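Trainee: Each chain is listed here by its residues.
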Amino acid sequence: MDPLHLLVRWAHVAGMAAILGGALLLWWLAARRPPLDDRLTTRVAERYEWIFWAAIGLQVMTGVGNLGAFGNALPPPESAWGTKLTIKLVAVLALALFSVPRTLIVAAGSEADTTPHLSLPLLYGSTTVIVIGILGLAVWLAHG
Amino acid sequence: MAELTKPGTIERDRLIAWALGTFHAGVLLVTLVLLLHVTGGLPSLLGGLNTASGLALFAVLWVTTVWSTRRTLLGALGPALRNEMPIYQLVGRAVWRGGINGAAFLVGAGLVLAIPIVLSGSSSAIYSLLAGALFFATFGLVGAFVVGCTVGLLFGGIDALLLMAARALLNSH
Ligand code: HEM
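So the sequence lines, in the order shown, correspond to chains Y and X. Numbering-wise, the working numbering puts 58 at position 58 of the first sequence, and it's gapless, one number per residue. Numbering-wise, the working numbering puts 1 at position 1 of the second sequence, and it's gapless, one number per residue.
It is possible that some hints are incorrect.
What the hints assert, rightly or not - Computed, partial: chain X to chain Y, Cβ under 7 Å:
(1) Phe23
(2) Gly26
(3) Val27
(4) Leu55
(5) Leu57
(6) Ala80
(7) Ala166
To be verified - Facing chain Y, from chain X, some residues (calculated, C-beta under 7 Å):
(8) Leu34
(9) Leu36
(10) Ala76
(11) Pro86
(12) Leu161
(13) Ala165
To be verified - What follows is a list of derived Cβ distance ranges for each label pair:
(14) X/Ala133 / Y/Gly136: 14 to 24 Å
(15) X/Ser124 / Y/Phe98: 44 to 54 Å
(16) X/Ala131 / Y/Arg47: 33 to 43 Å
(17) X/Gly47 / Y/Ile87: 36 to 46 Å
(18) X/Ala59 / Y/Ala80: 27 to 37 Å
(19) X/Pro86 / Y/His143: 46 to 56 Å
(20) X/Gly121 / Y/Gly133: 28 to 38 Å
(21) Y/Ile87 / X/Thr138: 34 to 44 Å
Hints were generated in silico from the structure; no laboratory data involved. Fair warning: this is a prediction, and the values are worked out from it, not measured in the lab. Ideal Cβ positions, reconstructed from N, Cα and C, are used throughout, including at glycine.
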């Protein structure tokens, strides 16, 4: 494999790990009863949202890089691979759309430095589930 | 307006601009890739662009879009994400900033694509590059501005809906 393509693929997997690991951590932090220090959850969530969007940008950039590795030999949309790619891209769009309100709520909380919003366990739980779904689709795409 | 200068609000708006700007650039590209993929036009496009240029082009779009989003949102959101300006004014800003973003991206993209040509050192290639630059600087910029305005309007509308969703969730507890 060409070294640039290898690097791009490595970054694509590393970006996935950052998104999934952070979402799991925050799900646990936000859902914990009795809560850990409230400030801690708010601060970690705020930092995670920065990292999340950096990683989403990276996934898009390196995802298209992964497509580029196929070049002219990219399988057509009606092939099994092509159908999986279509489903994966729709799922990525859904994740991005769902994540904007989550970031907005975390950002609004960081401004007031208050206790974390009650919707956070649900928001981070859903994020984790969507990302695990995309991960399943991606592994099926690459190795199925 | 006093809240707008509070450090917490500045930090908050940085995060929101980073998130929304990345959202715009990312969703735009994934949607284009998806449309090209289902219509079968993707392989020929990928065949014509090398990976390094592709990565650099998206990086340019990402940077200009986060910057434009930041300018659009300047002072737009008050405490608890309330609107600080009438919605039509904000949408007007989104359209204008979208147009500027389109033009800025075209300039950045032109520079990225010109680098390998200049490095090749072939004088005929550099002449055609200059001719291309002239075209870019006139029709290209106008076209990019108009496309940018349209995309800005579209994302302005989507953002307004997502903001409403976030406010509804914030107030639901
Ligand atoms: C949240 C976003 C995303 C996640 C978590 C994700 C995750 C992954 C993972 C884990 C792999 C498997 C890597 C391997 O086993 O070698 C992969 C492969 C791939 N991804 Fe993504 N990805 C995302 C977004 C995207 C986007 C936006 C695109 C395209 C625009 C894309 C295109 C690809 C391609 C083409 C492959 C290679 C498939 C193959 O070799 O058959 N991904 N992705």
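Trainee: Does each hint fit the structure? Answer for all of them.
Mentor: Each hint tested on the structure:
1. A distance limit of 7 Å between C-beta atoms decides the matter here; for phenylalanine 23 of chain X the minimum to chain Y is near 6 Å, and the interface restraint holds.
2. Because the beta carbon of glycine 26 of chain X sits about 4 Å from the nearest beta carbon in chain Y, less than 7 Å, this interface hint is met.
3. Residue-level restraint check for valine 27 of chain X holds (minimum Cβ-Cβ distance to chain Y is 5 Å; threshold 7 Å).
4. The closest approach between the C-beta of leucine 55 of chain X and any C-beta of chain Y is roughly 6 Å, which is under the 7 Å cut-off, so the hint is satisfied.
5. Here the hint on leucine 57 of chain X is broken, as its CB sits about 9 Å from the closest CB of chain Y, past 7 Å.
6. For the restraint placing alanine 80 of chain X at the interface with chain Y, the shortest Cβ-Cβ distance is roughly 6 Å, inside the 7 Å limit, so the hint holds.
7. A cut of 7 Å between beta carbons decides the hint on alanine 166 of chain X: the least distance to chain Y is about 4 Å, and the hint holds.
8. Annotation: leucine 34 of chain X was flagged as interfacial toward chain Y, and the flag holds, the nearest CB pair being 5 Å apart, inside 7 Å.
9. At about 10 Å, the closest approach between the beta carbon of leucine 36 of chain X and any beta carbon in chain Y exceeds 7 Å, and the interface hint on this residue is violated.
10. Annotation: interface hint on alanine 76 of chain X violated; nearest CB of chain Y at approximately 13 Å, more than 7 Å.
11. Taking 7 Å as the C-beta contact cut-off toward chain Y, the hint placing proline 86 of chain X at the interface is violated, the least distance being around 20 Å.
12. Annotation: interface hint on leucine 161 of chain X violated; nearest CB of chain Y at approximately 10 Å, more than 7 Å.
13. At about 5 Å, the closest approach between the beta carbon of alanine 165 of chain X and any beta carbon in chain Y falls short of 7 Å, and the interface hint on this residue holds.
14. At roughly 46 Å, the beta carbons of alanine 133 of chain X and glycine 136 of chain Y sit outside the given window of 14 to 24 Å.
15. A hinted range of 44 to 54 Å holds for the C-beta pair serine 124 of chain X and phenylalanine 98 of chain Y, which are about 51 Å apart.
16. Checked against the hint of 33 to 43 Å, the pair alanine 131 of chain X and arginine 47 of chain Y fails, with Cβ atoms roughly 48 Å apart.
17. A beta carbon spacing of about 24 Å between glycine 47 of chain X and isoleucine 87 of chain Y contradicts the range 36 to 46 Å that was offered as a hint.
18. Range check, alanine 59 of chain X to alanine 80 of chain Y: about 32 Å between beta-carbon atoms, so the 27 to 37 Å window is met.
19. Look at proline 86 of chain X against histidine 143 of chain Y: about 52 Å separates their beta carbons, and that is inside 46 to 56 Å.
20. At roughly 49 Å, the beta carbons of glycine 121 of chain X and glycine 133 of chain Y sit outside the given window of 28 to 38 Å.
21. In this structure the supplied range 34 to 44 Å holds for isoleucine 87 of chain Y paired with threonine 138 of chain X, their Cβ-Cβ distance being about 42 Å.
Comparing the model with each earlier hint shows violations of hints 5, 9, 10, 11, 12, 14, 16, 17, 20; every other hint is respected.
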